[in-house]
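Let chain A serve as the given structure and place chain F on it in line with the hints.
As you go down the protein sequences, you meet chains A and F in turn. Numbering-wise, the UniProt record's numbering puts 176 at position 176 of the first sequence, and it's gapless, one number per residue. Numbering-wise, the UniProt record's numbering puts 63 at position 63 of the second sequence, and it's gapless, one number per residue.
Some hints could be false.
If several chains are the same, the list does not tell them apart, and a pair holds so long as it fits within one copy or across any two.
[Claimed, not checked] Capping the alpha-carbon separation at 27 Å, the derived lysine-lysine pairs in BS3-like fashion look like this: (1) K250 - K39; (2) K250 - K62; (3) K183 - K113.
Hints in this document: simulated from the structure, not taken from any laboratory.
Protein chains: 2
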Amino acid sequence: METQSENRAFGGTQGVYRHASSTTHCEMTFGLFLPEEAKDGPVPLLWYLSGLTCTHENAMTKAGAQAWCAEQGIAIVFPDTSPRGDGVANDDAYDLGQGAGFYVNATQDPWAKHFQMWDYIAEELPALLAETFNLDMSRQAITGHSMGGHGALTLAMRLPGRFRSVSAFAPICNPTASDWGRKQLGAYLGDDTAAWTAHDATLLMREVGFDGPVLTDTGTADQFYELLKPEALAAAVSDRRQEATLRLQKGYDHSYFFVSTFMEEHVAFHAEALYRE
Amino acid sequence: METQSENRAFGGTQGVYRHASSTTHCEMTFGLFLPEEAKDGPVPLLWYLSGLTCTHENAMTKAGAQAWCAEQGIAIVFPDTSPRGDGVANDDAYDLGQGAGFYVNATQDPWAKHFQMWDYIAEELPALLAETFNLDMSRQAITGHSMGGHGALTLAMRLPGRFRSVSAFAPICNPTASDWGRKQLGAYLGDDTAAWTAHDATLLMREVGFDGPVLTDTGTADQFYELLKPEALAAAVSDRRQEATLRLQKGYDHSYFFVSTFMEEHVAFHAEALYRE
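If we strip away everything but chain A, and leave its shape as in the complex, we get (with noise of 0.2 Å):
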């Protein structure tokens, strides 16, 4: 693992790494904020799945998650959303290949030798972070936006006991029902769609749902709403009795300014469930 760049932040370490993945099979980059309590012992580690065309990047420099982070003594990672490089198969629209993995393992060419992106985010980086940083791995939570939120919804509810609270900014809720996902799930698990339902939240929340607490925030304005779907989830949630606190934001939209507004909110919510014993 090779280190990009650190850089002093809010008390702690804002860091960039690099390193080769057995699971994409490419050089991986991520963000990693680690609070000043990191240098005397294990801290929570919160993950924020980034949504269509960012990298590791944007929600490192543009979701001010490192201020509510550091507050509350909590590390958080930034994974990319894809493979990457020059080797790596990519399509011409911003919603598909590279920026767009979906957090789905493909099983269809060209995709499936490097966009194994499930368990990248669910196996071989939480094994590198533990080995290599001062977390506790015991004390795990997730959040995401947009694809991102569909991929923090998803991975908790299949990982029982890994995440002890999920949130999500403006996720995808029902991507077998959406323009953004239909595409991209056939793409990438082929024309089944059984194959499909193990990475959609809503029919997740029906048949498993998640064992522990839920908040979701999404703007009246956001620009994407018919696609994110939020009333499925909505009903989903309701019909299962989830624990869940599911807000939607007057006359936000789906930029970074309204993450970074509810990024406090989300931060203190994980942390109750973190530092719960």
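Same frame as chain A, but now just chain F:
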């Protein structure tokens, strides 16, 4: 004036606006965050002047200032750092020409026609803001980063009564004695160094000082420390007995991770001055 974008943020609005400037003879773009309170009455205004290579956008998306300005009910404006466009003079170096206006009125060709950033910030933009937005122009404060810290300090000292407080992040403190300064002041103002002294915060501190509180932060690990010369400003402040807090922050560098770390304290510092009767 044309609205480029408006995003709801922290209960207020982050706008980006573009207008034809009579001072710089080109189209100029600026960002303005208005807190929720601006709906009900005029709010105080904080200026944020950016550093080399920046546009209006860098601090607007990376400094995390809106969270704290919203909390304090203060507007913050993010001007561009120079005139821009195909017809505007430029230089291949990152530190001269577009993105590097240095907040002076150029007198030398090829710069003189467009590079009138002092007048743009001191006169044209405040007049435009005052007539367009719900701002209390009797309550203004100013801050900035690096070249923008130089701009903030020199504007504050040379416009007595305009700003109630001035702060700076890693400011260029003594440009007449630095490679960040001599090159640019020479190019824009000519070889007669007498014209440079009005644009040197250390010399102005010795000559006129500032009628109000001054706050600066500089990182001890700033990679441009030798170019900034905080020791020169510190000496001038001490000799003058200027009301000031000059801080060196251990381990911090020149990046926006540094700026965002101390933004809360800078905004609180200005709020105290802005809300004083």
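To see whether the hints hold, each was checked on the structure:
1. K250 - K39: between (40 Å within a copy, 16 Å between copies)
2. K250 - K62: both (21 Å within a copy, 24 Å between copies)
3. K183 - K113: within (19 Å within a copy, 52 Å between copies)
In this structure, none of the earlier numbered hints is contradicted; all agree with it.
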